[in-house]
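Required output: the full structure, derived from the provided sequences and hints.
Number of protein chains: 2
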Amino acid sequence: MHTLRLNDYPIHIGSGQWPQLRALVEALDPSRLLVLCDAHTRIYCLPRLQEELEVPEHQVVTIPAGERHKTLDSCRYIWERMMQLKLDRRALMLNLGGGVVGDMGGLCACLFKRGLPFVQLPTSLLAQVDASVGGKLAIDFASVKNSIGLFANPEAVFIFPGFLATLPERELRSGFAEVIKHALLGDPGHWAELKGLNSLSGLDWPALLVRSLRVKQRIVEEDPREAGPRKLLNFGHTVGHALESAFLLSESPLTHGEAVAIGLVCECYLSHLKVGLSLEVVQEVAGLVRSLYPHRNISNHLLPQLLELMQNDKKNEGGEIRFSLLQAPGQGRYDLPCDRDEIADSLGFYNSHSLSLFS
Amino acid sequence: MHTLRLNDYPIHIGSGQWPQLRALVEALDPSRLLVLCDAHTRIYCLPRLQEELEVPEHQVVTIPAGERHKTLDSCRYIWERMMQLKLDRRALMLNLGGGVVGDMGGLCACLFKRGLPFVQLPTSLLAQVDASVGGKLAIDFASVKNSIGLFANPEAVFIFPGFLATLPERELRSGFAEVIKHALLGDPGHWAELKGLNSLSGLDWPALLVRSLRVKQRIVEEDPREAGPRKLLNFGHTVGHALESAFLLSESPLTHGEAVAIGLVCECYLSHLKVGLSLEVVQEVAGLVRSLYPHRNISNHLLPQLLELMQNDKKNEGGEIRFSLLQAPGQGRYDLPCDRDEIADSLGFYNSHSLSLFS
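Protein chains in written order, with this note's numbering: chain A, 1095 to 1453; chain B, 1095 to 1453.
For the record, the hints were derived by calculation from the structure and aren't laboratory data.
Because the structure is a prediction, the values reported are computed rather than measured.
Because identical chains cannot be distinguished in the list, a pair is counted as satisfied if it fits within a single copy or across any two copies.
SDA-like mimics (lysine to any residue), calculated; alpha carbons at most 20 Å apart, straight line:
1) Lys1289 x Gln1421
2) Lys1239 x Glu1320
3) Lys1239 x Arg1170
4) Lys1325 x Arg1427
Set out below in structure tokens:
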């Protein structure tokens, strides 16, 4: 049981935090209480919340599960329900779900009658370890991820590791890619502990979450509006986002984290080429990804599409493809351009290295 | 030529301010320049802006004119155009129009890729004297005015009184109701000058706008989030909004300002009943409204509907109808409940007093 105090709001981590949630609701004394769920969290998480909250009166709004519902049409639906329920600015919204529920629910709360308070209850590992820090709220628009949104803070975030047990194994692994990234970027000691893992069972989640969130907190608080250092958090994501998009309409799409895991291997290889990351660390990262994630061969004929996708990344300027890379665990650098041959080599490295055990 | 310096942004007033606008655009050095117009301002105001701006490259997005287009669908259209134009966060948006263009354009700018800078160029008197101060941005949703939105500030506001000459007489009168309200609430000297007017021609608009905006500035800066004193600006609007809604679907709808002008007369009468506003001032206000605005008889059978509409005002709590009223010019008070009989009497006062000259 632990509380991280960010500049603007607290993150409570641990299964013993229910009394704090009850106390917060009591202190805010909302005119109405609204819980936003998706079709999964309504079944797997809402009953626990209802039991623990001990609040007799509340309303539940449920949206379909999945990133493809993180849209303006879903916002319209949520706002219509909020209007029907006659919520005023003193109502409180609890967002119980993964990144879609948190990002979109937070945005809907901020804009309804120019803003009502909200609390984030992230239920996926990805949302617990990533979306819960940093105040980014958004929906996808015109096929561009998170392109309509704003920066705003919740009253608080409550992370109940028990919800992780409700996740499919594949989704747990997906969130774990951000844990690896945070350790590499900002906590060499944590990286030393993680690098030998070959399974995600039996981990001490509360302790692991606190360490991982501290890295993100430090980076975000240094640069809340992403003017500079926050770009470090993009490590693994330039290649990762391109892979995620390229496979989106394939027969076997990658999860966000599977794509980022491959991206971490490629960008560690680029880090070796450009800023001297030791080959030992590159191989450790490739080894961890190989042991935790299924292998996906990245065919050469995808290369032009992947480069095109990286080119259009919103963080680029002037036609270059820029990366956030790693000099050593704990030492990141950003705004480093890599050329097409280097990027192609990094994908080749992932393909060959990742396969070597099976060939 | 005058500049009001608000806490967060400047308001430049006067026809000599074009060089300042050019200097601001140059200083911001935007990656792209986007002008949002409506069908009217595209014809009547855009050519002047283009001539003065001397910027060779810019894009224009045009929306249909009128409050009924201040919707989520219009936001979707604006965002789609912004996406097609591949705007990034360093683009600048100029909102050239009345309250719809300013409120909705500002909202779209704030949310596109989590926020790009915008400048307000209000062209209607209502937008110049009211919407340009206070940072309220919004659209209408589910038949509720301004129910989806946020508080955010533009880089600057530029008020060119010359645009007022492009307005139909009726729209100019509509905006003038806010000028009367500001003078009554916060500038007794200005009220003394205005009360004898019987026409809006030949006014010194720049000087008048500066005086009127100063009142709003003072009230808004004291209470930006409408926790208390900002409610004073609701003076005339409890009855006014109800009348505007009640006549919305009639054969002859009231403009916002026509409804507020009647609301000011009624709420001055209530001010006499509840907080001792002198009858002399009540009659002066009624006289000014009679000389500037056409008379509308408020039939008794509308009363239940009007009371119902006032009851649902978002500023009420616990079933009472609460007003912002006037003890004397320059001395407002807020959160004052009035009962149904008193409200009915105030409408009767408007009907009889307003007609007396013609009967």
